[in-house]
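Participant: Taken in order, the sequence shown gives residues 1 to 116; the numbers are from full-length UniProt numbering.
Calculated directly from the structure, the hints in this document are not laboratory data. Treat each hint with caution, since some may be false.
What the hints assert, rightly or not - DSBU-like mimics (lysine-lysine), calculated; alpha carbons at most 35 Å apart, straight line:
1) Lys95 x Lys84
2) Lys62 x Lys113
3) Lys18 x Lys55
4) Lys84 x Lys113
5) Lys116 x Lys62
6) Lys18 x Lys95
7) Lys116 x Lys55
8) Lys55 x Lys95
9) Lys62 x Lys84
10) Lys84 x Lys18
11) Lys95 x Lys52
12) Lys52 x Lys116
13) Lys52 x Lys62
14) Lys116 x Lys95
15) Lys113 x Lys52
16) Lys95 x Lys62
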Amino acid sequence: MKIKSLSDLPGALFYPLKEWTEQSIGNFNLFIGLGFLFIMASAALVLFYTVKIGKSDERTTKINLTSCYCMLMSIVICDIIFPKDYLINQFFMLKYGIAFFVSGIYLLIQYRKDFK
Numbered sequence: 001m002k003i004k005s006l007s008d009l010p011g012a013l014f015y016p017l018k019e020w021t022e023q024s025i026g027n028f029n030l031f032i033g034l035g036f037l038f039i040m041a042s043a044a045l046v047l048f049y050t051v052k053i054g055k056s057d058e059r060t061t062k063i064n065l066t067s068c069y070c071m072l073m074s075i076v077i078c079d080i081i082f083p084k085d086y087l088i089n090q091f092f093m094l095k096y097g098i099a100f101f102v103s104g105i106y107l108l109i110q111y112r113k114d115f116k
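Based on the provided sequences and hints, a complete structural model is requested.
Facilitator: See the structure below:
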């Protein structure tokens with residue numbers, strides 16, 4: 001795939017992944033399965049640390065809002081980076097997996113900072 005402008009860069013970065021998933025149905029299923037496991041593990045991480053931080057009060061509301069802000073920023077960045085031409089639903093799943101993961105990492109860091 002040739003890069004003619006800056007907007008072709010995301011498509012060129014993920015084109016080898018597209019070719020790999022189209023080689024066989026097993027590769028496609030592996031990509032979907034690992035993406036689904038990633039999104040479930042990331043959502044569990046967010047849920048675990050949200051419960052562990054505690055009930056809603058002045059301190060936890062700020063933590064939760066900042067966590068949601070991190071999630072929003074990662075979704076916006078993934079919208080810019082991921083291509084819109086192919087594997088749309090698969091990249092949609094990965095985008096939200098990354099968003100949950102970033103939010104969970106923020107909650108983990110904040111939990112360790114507050115309770116140590």
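Participant: Now tell me, hint by hint, if it's right for this structure.
Facilitator: Evaluated hints:
no. : hint           : in the structure
1   : Lys95 x Lys84  : holds, 12 Å
2   : Lys62 x Lys113 : holds, 14 Å
3   : Lys18 x Lys55  : violated, 44 Å
4   : Lys84 x Lys113 : violated, 38 Å
5   : Lys116 x Lys62 : holds, 19 Å
6   : Lys18 x Lys95  : holds, 16 Å
7   : Lys116 x Lys55 : holds, 19 Å
8   : Lys55 x Lys95  : holds, 28 Å
9   : Lys62 x Lys84  : holds, 34 Å
10  : Lys84 x Lys18  : holds, 12 Å
11  : Lys95 x Lys52  : holds, 25 Å
12  : Lys52 x Lys116 : holds, 14 Å
13  : Lys52 x Lys62  : holds, 15 Å
14  : Lys116 x Lys95 : holds, 32 Å
15  : Lys113 x Lys52 : holds, 13 Å
16  : Lys95 x Lys62  : holds, 24 Å
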